[in-house]
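So the chains spell out like this:
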Amino acid sequence: GESVGLHLPTLSVQEGDNSIINCAYSNSASDYFIWYKQESGKGPQFIIDIRSNMDKRQGQRVTVLLNKTVKHLSLQIAATQPGDSAVYFCAENYSGGGADGLTFGKGTHLIIQP
Amino acid sequence: NAGVMQNPRHLVRRRGQEARLRCSPMKGHSHVYWYRQLPEEGLKFMVYLQKENIIDESGMPKERFSAEFPKEGPSILRIQQVVRGDSAAYFCASSRGGRNYEQYFGPGTRLTVT
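Top line first, the protein sequences correspond to chains A and B.
Position 99 of the first sequence, counting from 1, maps to 99 under our numbering, and the rest follow consecutively.
Position 79 of the second sequence, counting from 1, maps to 79 under our numbering, and the rest follow consecutively.
So here's chain A without its partners, still in its complex pose (with noise of 0.2 Å):
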């Protein structure tokens, strides 16, 4: 099954309120992570990431935090704006083994209320 997947499949907030989208993880092992934004009919785009000997990584607007405890990623989105609007991936790797591609969560279609 998959080892990467996430709480919910759409989240709705208001224009900016924060945003907080969780991701849960599997494998122990998995020691790289990263968000990645995709507007429609659009690749993937990197936000941000964070290896596994960091619990907190700060970008411009986003918050990353990583509990290895619970095997728990969350994306956290200060102030929403309607750009914001897209479906949010997680994804991770392995560094010591397993395939080298990235393993990706379902997704979260996150909706901007005006």
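Certain hints may be false.
Partial chain A-side listing against chain B, Cβ under 7 Å, derived [stated by the list, open to error]:
no. : residue
1   : 93
2   : 104
3   : 106
Below, a sample of chain A positions facing chain B; criterion: calculated Cβ distance under 10 Å [unchecked claim]:
no. : residue
4   : 41
5   : 42
6   : 45
7   : 49
8   : 51
9   : 87
10  : 98
11  : 99
12  : 101
13  : 102
14  : 103
15  : 107
Listed next, with one range per pair, are the computed distances between beta-carbon atoms [stated by the list, open to error]:
no. : chain 1 : residue 1 : chain 2 : residue 2 : range
16  : B       : 3         : A       : 106       : 24 to 30 Å
17  : B       : 73        : A       : 72        : 41 to 47 Å
18  : A       : 79        : B       : 73        : 43 to 49 Å
19  : B       : 41        : A       : 57        : 22 to 28 Å
Keep in mind that the hints were calculated from the coordinates and are not lab data.
Even for Gly, the Cβ is constructed at its ideal location relative to N, Cα and C.
Chain B: place on chain A using the hints.
Coordinates of chain B only, in the frame set by chain A:
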């Protein structure tokens, strides 16, 4: 810098025909990955190539699918004798290294088999 280029963006083939999808990586990248995305799903890893070498094809179907990345020119994903189930979006990503390096995705090729 130009991003990852893929062509064609849309491809329609009748059952039994061949489909050729092309991917030009970002400048300076010598690692290419191919992924397939079915509607409403995440991306599935297919194959990882470096120049003139297939490194990992663990996600490729055993028959009809092949990939190459020649010394000169783009990477090619080839699907022989296409069937309706091959209809999907095919994405190429490139990176400057192997595992745990950021992958940049192209816009994808949407294959429709009629």
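Hints, verified against the model:
1. Taking 7 Å as the C-beta contact cut-off toward chain B, the hint placing residue 93 (chain A) at the interface holds, the least distance being around 6 Å.
2. Here the hint on residue 104 (chain A) is kept, as its CB sits about 4 Å from the closest CB of chain B, short of 7 Å.
3. Satisfaction of the interface hint for residue 106 (chain A) is found here, the shortest Cβ-Cβ separation to chain B being roughly 5 Å, below the 7 Å cut-off.
4. The interface hint given for residue 41 (chain A) holds, since its Cβ lies 8 Å from the closest Cβ of chain B, which is under the 10 Å cut-off.
5. Interface restraint check for residue 42 (chain A): the shortest CB-CB distance to chain B comes to about 6 Å, inside 10 Å, so the restraint holds.
6. Given the 10 Å rule on beta carbons, the hint for residue 45 (chain A) holds: about 7 Å separates it from the nearest Cβ of chain B.
7. About 6 Å separates the beta-carbon of residue 49 (chain A) from the nearest beta-carbon of chain B, less than 10 Å, and the hint is met.
8. Interface restraint check for residue 51 (chain A): the shortest CB-CB distance to chain B comes to about 7 Å, inside 10 Å, so the restraint holds.
9. Because the closest C-beta pair between residue 87 (chain A) and chain B is about 9 Å apart, less than 10 Å, the hint holds.
10. Annotation: interface hint on residue 98 (chain A) holds; nearest CB of chain B at approximately 8 Å, less than 10 Å.
11. A distance limit of 10 Å between C-beta atoms decides the matter here; for residue 99 (chain A) the minimum to chain B is near 5 Å, and the interface restraint holds.
12. Interface hint status for residue 101 (chain A): upheld, as the beta-carbon distance to the closest one in chain B is roughly 3 Å, under 10 Å.
13. A cut of 10 Å between beta carbons decides the hint on residue 102 (chain A): the least distance to chain B is about 6 Å, and the hint holds.
14. Because the beta carbon of residue 103 (chain A) sits about 7 Å from the nearest beta carbon in chain B, less than 10 Å, this interface hint is met.
15. Hint on residue 107 (chain A) holds. Least Cβ distance to chain B is approximately 6 Å, under the 10 Å limit.
16. At roughly 25 Å, the beta-carbon separation of residue 3 (chain B) and residue 106 (chain A) lies within the given 24 to 30 Å, and the hint holds.
17. The beta-carbon spacing between residue 73 (chain B) and residue 72 (chain A), approximately 43 Å, falls within the hinted interval of 41 to 47 Å.
18. At about 44 Å, the CB distance of residue 79 (chain A) to residue 73 (chain B) agrees with the hint of 43 to 49 Å.
19. A hinted range of 22 to 28 Å holds for the C-beta pair residue 41 (chain B) and residue 57 (chain A), which are about 27 Å apart.
The structure agrees with every numbered hint stated previously.
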